[in-house]
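**Student:** Based on the hints, put chain B in the right spot on chain A.
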Amino acid sequence: MDWLGVYYYWAFAALLMIGFYAVIAKSNLIKKLIGLSMFQSAVFLLYITMGKIDDGTAPIYHEGVSQQIFSNPLPQVLILTAIVVGISTVALGLGIIVRIQEEYGSIEEHEILGIDER
Amino acid sequence: MSAWAQHLPALQVGVPLLTTPIIVLLRPHGLAWAAATLTSCFTFFIAVMLTLAVLDGQQVQYSMGGWPAPHGIALSVDAFSAILLLIVTGASTVALLAARQIVNAEIEASRQPLFYTAWLLALAGFVGILVSADAFNIFVFMEISSLASYVLIAGGSDRRALPAVFKYLVMGTIGATFYLIGIGLIYLMTGTLNLADMEVRIREVSDQKPILVAAGFITIGLALKAAVFPLHLWLPNAYTYAPVPVTVFLAACSTKVSLYLLLRFDFFLFQPNLLNHNIQFSYFIMPLAILAILAASSLAMIERNLKRLLAYSSIAQVGYILLGASLVSLIGLTASVIHMFNHALAKAALFLCVACLATRCVNLRIDSLRGVAKQMPWTMAAFLLAGLSLIGVPGTAGFISKWYLITAALDEGLLGVGLIVVVAAGSLMAVYYLWRVIEVAYFDKTNEGTKIVGEAPLGILVVCWLVVLSNYYFGLAPWLSTTLSSAAAQILLGQVP
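Here the protein sequences come in this chain order: A and B. Following this note's numbering, the numbering of the first sequence begins with 1 at its first residue and continues without gaps. Following this note's numbering, the numbering of the second sequence begins with 1001 at its first residue and continues without gaps.
I should point out that these hints are in silico values taken from the structure, not numbers from a laboratory. Just so you know, not all the hints are guaranteed correct.
[To be verified] Restricting the straight-line Cα-Cα distance to at most 35 Å, the calculated cross-link-like pairs of lysine-lysine (DSBU-like) are:
| no. | chain 1 | residue 1 | chain 2 | residue 2 |
| --- | --- | --- | --- | --- |
| 1 | B | Lys1209 | A | Lys26 |
| 2 | A | Lys52 | A | Lys31 |
| 3 | B | Lys1167 | A | Lys31 |
| 4 | B | Lys1374 | B | Lys1445 |
| 5 | B | Lys1167 | B | Lys1209 |
| 6 | B | Lys1445 | A | Lys26 |
| 7 | A | Lys52 | B | Lys1209 |
Predicted model only: the values in this text are computed from it and were never measured.
With the rest of the complex left out, here is chain A (with noise of 0.2 Å):
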């Protein structure tokens, strides 16, 4: 198989792994998010890059062209609604974290847990 052939998919599995990681091992909220919002924006280019044909364009229908090659519109579609969601749920996120800098006056998880310890 031809490894780097398709190259697009190693990008899509690098940048998945970064969010990731950044989502486990920090600790200062913020950059948690940043992590998850890494590991959304990776499958979203896992999608578009799946309805990518070569030479393909817009699926725009014009008169008396034929033979034109379409990119697939649906995995594009679907990735606006998916981008909706991710923003919500990064919105979301930072609404939180503002709520727990108000009530414990950090964003670093160890400090929190250590504050409802005592």
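**Tutor:** Just chain B now, kept in the frame of chain A:
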């Protein structure tokens, strides 16, 4: 079917979704509560109508906007989704009926309409997952329900809910994204999102590897949302620090809906089409289920907060549900589905008792419940009776599911004997952790200095007893739950009911 009855699947989602903008605007807050409760009652009514149609043997299919599947968006309701619809809408309704006083005490009046809006959005998301027959729509509804649940959990006055809900948000989003990756891989191979169409086209796929990877992603993602044992970390704190009515609602249905999806995808899509996938599923899920029962029950035995104790017990019950499914047999799956129903009843009843206690007690540590049975005899009697159902004493709903589970295990020979030991051990642990509460409440002397003033408000108590009695009704006359769940098991195994 009359003209409007054809539109029931769409109304099931549409009613709660479309009333939300009205509820945001309603003032005073009592009106918002009334409108939300009424809407929830109406969704429950629609769920009952759909269940009657399913029991009638009708195929409930619906194409949104008249566009036929697979290109249009399809909704469908069968016995499996019908029983879950009853659980979800029923739990929402009883929790809302009991919610008013507690919400008044915990959330300031100006924010209450928003709280009830989030509630109905969560309800719309859950029922949307259940009626949808389209993989991507399921993702969208899953996110609607999750985002609304995060708001509900963080809606109370306890600040410890905030870190808990952040953890839930991160883990829930990872779960949903894993699901999205899985759907993407299947779409890549089949070019369709409609579940029925997908099933047909997967058969034609020559390279099964991406489908297997997709199965892995979807199973793990949904297991994360369903709080399957090692992935349960978000659940205990989220349930503990949420306002009690929210805990009643979510404990009864949120993990069940994810389990529904897990079973539906695995049994409907992957097992008939992937080589030996039923064995992989069984070997993967069964150890997790056994661990869930033993480990979560042990944690419940040493837990000192009543709500977290019940939350750990919920994780153990997810184990029972998966244990039945992991046997991949008709009776095992029946046990699994019926336990979703019966556990929802028992856990809703127990958390409603907690709601009664929360109106009178300062906190819900077991230590501070000393002698509470003298002050609140009806509440603690309800707790005792609901506890018996959770343990699985004959005559209760819990017994029916344990009975099916043990019958299913008996078909498995030596392995089955081991499983029966696990189920018995789990039940004994349940006796122990519930007895700790009963003992403190009935036999200890009241703490000096605590002022527990009498019984819980009548409104909550009546709802609580209603659910407790339904535990006994479905224990003595389990016709509805057994009919629906055995039909659901047949559908999952691809046998025409």
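**Student:** Looking at the structure, which of the earlier hints fail to hold?
**Tutor:** Violated hint (a single one): 6; every other hint is consistent with the structure.
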